[in-house]
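*Asks:* Let chain D serve as the given structure and place chain R on it in line with the hints.
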Amino acid sequence: MNAPPIQRLVTELAKLPGIGNRTAQRLAFHILRADPQEAYALADAIREVKERIGLCEVCFNLAEGPRCRICLDERRDPSIICVVEEPNDVIPIERTHEFPGRYHVLGGALSPIDGVDPEDLKIAQLYARVAEGGIREVVLATNPTTTGEATALHIAEGLRERAPDVTVTRLASGLPVGADLEYADEVTLGRAFAGRRAV
Amino acid sequence: MLRSLRYGEADRILHLYTEHRGRIAAIAKGVRRARSRFGGRLEPFTRVALVLHEGRSELLTVTAADTVAPHRRLRERAASLDAAARACDAVARLFETADPHPPVYHLLCHELALLDADPGAATHANQLAFRLKLLLAAGLAPQLAACARCGEREHLSAFSGAEGGVVCTACEGAGFPLSEEAHAFMSEALGRPLRDAPQASDRALRQAERAIAETAEHHAHVRLRAAVP
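Residue numbers (my numbering), protein chains in the order written: chain D, 1 to 199; chain R, 200 to 428.
Chain D on its own, in the form it takes in the complex (with noise of 0.2 Å):
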């Protein structure tokens, strides 16, 4: 048996998403191995991370400080919103360096059966930052999947009564590059036809 305090860390480490029983006993004794140094500096970076950040005030993504990064850059276009459901999915679009314009994070997806309605999530907001006026375009990029797409649809509606003269785009979906065609769903496919484009 461990002593009492390796127990507790074990313990809080297993807490975290993708860490077992295991993994949390190695990562302990890495830790107990490790410089005390370094040990504190994940210790102080952990406490600081908690007490540092929080969610910006306009779009919700997470923030140092009132505003997000994304939201001070000035070279960003404000008359674009993209619309994800979490802050880590602002990265894979961050990475693409294709979108110019700032986000809106919803905080989850709608799921009635599972108790997520729309005012569980930041709707009403992006609704206000719309209404407010010098926003042509919205783009919804939440998930492709059922509750991300019936999120989708919810705000789609909802904007469409709000602000008819707004555009409001859907991510395109379609087939991965570089797999092959012989291993597609129907579903994906299917999409993949219905949004084909001339070339």
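For the record, the hints were derived by calculation from the structure and aren't laboratory data. Keep in mind that the hints are not guaranteed to be accurate.
To be clear about the criterion: a stretch of chain R counts as covered by chain D if any three or more of its residues have a C-beta under 8 Å from a C-beta of chain D, and this derived list gives those stretches [stated by the list, open to error]:
{"#": "1", "stretch": "265 to 272"}
{"#": "2", "stretch": "279 to 289"}
{"#": "3", "stretch": "294 to 307"}
Think of the CB as a built atom: it goes at the ideal place given N, C-alpha and C, for glycine as much as any other residue.
*Replies:* Okay, now just chain R, sitting in the frame of chain D:
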């Protein structure tokens, strides 16, 4: 596929309703990755043929999936999506064991196919007709032809979940008022195919929904979610 829950890094736990094994749960590993071989086959409301590995754990593992009916059009309409979610939820709540109920499986398949084919099918009346048929499949169909308490065939003016059906004026104290229209709706909905579900006023549909909810609560100890948002 009734529903799916995110699990771990890229997996999903699937809740399935099958023809021969009733309700089962399975894990689909790596399904959330863009290059997953399952792709969009394991999304809720899809009818799929699966190969499942039965290991030592309670969860089966999906090793292969073939789409039988993707119900793609259903996913393009908010009302149809919502109706499909409520239908699947009702099945999940009323039939949560691994006992097979082939009629329930076929009824759900018909409902999803109908919601996919007909944008106008996502109505309150359709949801209630589906639930009534589910109660029938569960052996809990409410007594609608005569008073569930005394057997009287006339003056049926109320419904009692505890008695399991309509009750007459003399026995009315046991239930809540049920209009003739709501009574007729319930009887017709049970007798007609889903695609021909009868229509009724909002008031009658609300009464019918209460009757269905009370029947499920008293006899299956299940609380159903509202049939419409």
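*Asks:* For each hint, tell me whether it holds in the structure or not.
*Replies:* Structure-based check of all given hints:
1. 265 to 272: holds (count 3)
2. 279 to 289: This one holds; 6 residues, not fewer than the three required, reach chain D with a Cβ under 8 Å.
3. 294 to 307: violated (count 0)
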